[in-house]
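Following the hints, complete the assembly by docking chain B onto the known chain Y.
2 protein chains.
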Amino acid sequence: MQKIEGGATAAQGFFAIGIAAGIKKDKKDMAMLYSKVPCAAAGTFTSNVVKAAPVKWDQDIVYHQKTAQAVVMNSGVANACTGTQGYGYCQETAKTAAGLLHLQPDQILTASTGVIGQQLPMDILKQGIHTMVPMLSDSLAAGSLAAEAIMTTDTVKKEVAVEIELGGKKVVIGGMSKGSGMIHPNMCTMLAFITTDAAISKEMLQKALSADVKDTYNMISVDGDTSTNDTCLLLANGLAGNPEITEENQDYQDFKKALNYVNTYLAKHMAADGEGASALFEVKVVNAKSKEQAVILSKAVITSSLVKTAVCGHDANWGRILCAMGYSGAQFDPEKVDLYFESAAGKLKIIEDGVATDYSEETATRILSEKEITAIADIKMGDASATAWGCDLTYDYIKINADYRS
Amino acid sequence: MQKIEGGATAAQGFFAIGIAAGIKKDKKDMAMLYSKVPCAAAGTFTSNVVKAAPVKWDQDIVYHQKTAQAVVMNSGVANACTGTQGYGYCQETAKTAAGLLHLQPDQILTASTGVIGQQLPMDILKQGIHTMVPMLSDSLAAGSLAAEAIMTTDTVKKEVAVEIELGGKKVVIGGMSKGSGMIHPNMCTMLAFITTDAAISKEMLQKALSADVKDTYNMISVDGDTSTNDTCLLLANGLAGNPEITEENQDYQDFKKALNYVNTYLAKHMAADGEGASALFEVKVVNAKSKEQAVILSKAVITSSLVKTAVCGHDANWGRILCAMGYSGAQFDPEKVDLYFESAAGKLKIIEDGVATDYSEETATRILSEKEITAIADIKMGDASATAWGCDLTYDYIKINADYRS
Chain Y
1 MQKIEGGATA AQGFFAIGIA AGIKKDKKDM AMLYSKVPCA AAGTFTSNVV
51 KAAPVKWDQD IVYHQKTAQA VVMNSGVANA CTGTQGYGYC QETAKTAAGL
101 LHLQPDQILT ASTGVIGQQL PMDILKQGIH TMVPMLSDSL AAGSLAAEAI
151 MTTDTVKKEV AVEIELGGKK VVIGGMSKGS GMIHPNMCTM LAFITTDAAI
201 SKEMLQKALS ADVKDTYNMI SVDGDTSTND TCLLLANGLA GNPEITEENQ
251 DYQDFKKALN YVNTYLAKHM AADGEGASAL FEVKVVNAKS KEQAVILSKA
301 VITSSLVKTA VCGHDANWGR ILCAMGYSGA QFDPEKVDLY FESAAGKLKI
351 IEDGVATDYS EETATRILSE KEITAIADIK MGDASATAWG CDLTYDYIKI
401 NADYRS
Chain B
1 MQKIEGGATA AQGFFAIGIA AGIKKDKKDM AMLYSKVPCA AAGTFTSNVV
51 KAAPVKWDQD IVYHQKTAQA VVMNSGVANA CTGTQGYGYC QETAKTAAGL
101 LHLQPDQILT ASTGVIGQQL PMDILKQGIH TMVPMLSDSL AAGSLAAEAI
151 MTTDTVKKEV AVEIELGGKK VVIGGMSKGS GMIHPNMCTM LAFITTDAAI
201 SKEMLQKALS ADVKDTYNMI SVDGDTSTND TCLLLANGLA GNPEITEENQ
251 DYQDFKKALN YVNTYLAKHM AADGEGASAL FEVKVVNAKS KEQAVILSKA
301 VITSSLVKTA VCGHDANWGR ILCAMGYSGA QFDPEKVDLY FESAAGKLKI
351 IEDGVATDYS EETATRILSE KEITAIADIK MGDASATAWG CDLTYDYIKI
401 NADYRS
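Chains as they are written, first to last, in the working numbering: chain Y, 1 to 406; chain B, 1 to 406.
Excised from the complex, chain Y in its bound form (with noise of 0.2 Å):
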């Protein structure tokens, strides 16, 4: 597996767009993404009960079409507590799509992204596809510019490809993410859209993703908060002729290990890019009894807001990190626990069974200061692990959120 430039339109065939329609002030603001062939579509969503209208529209396709060739994405305006209305503009805009590009309405998949409870202002959206439809390019830049017209308060775009070889095909993976606030996907993340042009069949592709999200978007979070509108869409198109994978084989295995590069990768930096976010913070519980103790101890580290605080401080107020391993809701032996901390500056021994060492805060403050930390909780019960992301909680996360719709 090599890391290859680009993101969305890495893969042969598909090809993207994004432009600054008018929805937000001077800024790119929608973006399509298109394959010249239909695509099996996979597809993971918010496990939030108040679900946008796209991902209802989304889910309707996926679950029920088997194929999907297009997405029309916009930012500025969630399209969710919408009601009736706001899932008829879903409509109208895969229509208006599908008339341009020559397809049926249920092949356009939707996605948006921004403030909750405001309709969508359709006579733009509208003008917007008019205008992205003959722009759609499968370039890397243009690739590119989708992943900017996603973002809301994310500071950078985020996308990556990789390439395989499966059945002696060259096979890429490409995908692009946003997602900075209201971020703590459950079933997957804000808004992931992962290309391939391999061909594998559209029950290995869903498999393939509902594993990976577990272990990749699943396990970040910036603010706790699950959105309304988490989409993570995976489109094959078919195109490195492989031979198609539909069953669990070593070119199932090769492309999934690939697909959970990309999605780590996004994952990762959906978490260094958190709101407000001056560091990445990794959790890494190793030798616990079982994967899902481990996923609970890291997660509820990572959620912390006082651990989060610490982070910012670059204070290593360890008892925190105890302390949100302890109402997580697993079971552990506190005495038993040794806690590291790691970055680019060094390793050290923070406590051991339950009790601190002798450390030297000023090393612990030179660890902390780095722009990726990394905390390992060995607590002594097994050989299962996992990895969580988070962000420190910084005044910037508070300025950006007191007044986020002004």
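Bear in mind the hints are in silico, worked out from the structure with no lab data behind them. One or more of the hints may lead you astray.
Where chains are identical, the list cannot tell them apart; a pair therefore holds if satisfied intra-copy or between any two copies.
Unchecked claim - Calculated cross-link-like contacts (lysine-lysine; reagent style DSS-like; alpha-carbon spacing at most 25 Å):
(1) K66 with K399
(2) K289 with K214
(3) K399 with K371
(4) K380 with K56
(5) K284 with K336
These numbers come from a predicted model, not from an experiment.
Below, chain B alone, put in the same frame as chain Y:
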């Protein structure tokens, strides 16, 4: 029932004191509470797997001893994650106080709050007990000094007292509490000490307390972090001379109602004084299918970082409230929800059947700019309800917590 002056020393026979012993710099940091006769003692404690040494010490006494007669408290150091040495310090504390008060050590409860992981400075602690015992006083002022001494990042001391009549006798219930950060009690709050001169059996006392913490301390959250030290102690010395309460009779109901007033008062004041908070945020879920559903929904809303920052910005970003209800884990129909904001500045219907009403943003902002704000969600499924209390998330929360230890 009548609210009266005072706190932990309002009931007959209770003595207290608070001093600056030298654990913290230039601030009160030790307190004692003492009853001139043995008390029936009830307690509820943190559900955190990581339990501070004084929690374990108090559980031993409350669960296995018939009575208790005094409490030694300190702020500055939590005595959590301190191993067997930390538990030994609780024993030593109790022994020192017992010697001076002519009691057995198993009659002395202890409580600590502050930084996790540091050992108590036992010399200072023992000296503090020697200083305090001769100063113990049953004056209301002494109760206030104790309430002050248990504060950490609290900005105001919390104490309250009420008077009721049971069997023709005047009975007083008073109390004090502290709690500002790491507040998301599960079984009980950070530290609360309730005293009463009622005659009531230990069994009925525990029953009343266990039931009431579910509606009071367990319904508040500052930052979602359940502390290692949460402790609520309720001491009843029987000096009021009322017929002892030994069953769920009318006197028990009257006692419980008064206890609920005291606990609600202290709980709300802890939420309002949450670290960095500028407003108390009350959430009522009404017409729910069950109490449990209403509890889950209301707690999800007060716990959401995005809702809390919106309250900080006086921003009627109601979508975040619906979003938090949606990921709470409770089922409901988002398209049936009505939502209101209410404060001293008025009441406003914001959404009806899940969609925004034509409300005035200006009026909404005015309502949300008060010091006490209520959101009421009518989910139209039954007749159960619940109320939870939180606070806004502000720059000062970050300031307080990014470098708490220095």
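Exercise for the section: Kindly indicate which numbered hints from before are broken by the structure, ordering the numbers from low to high. Expected result: 1
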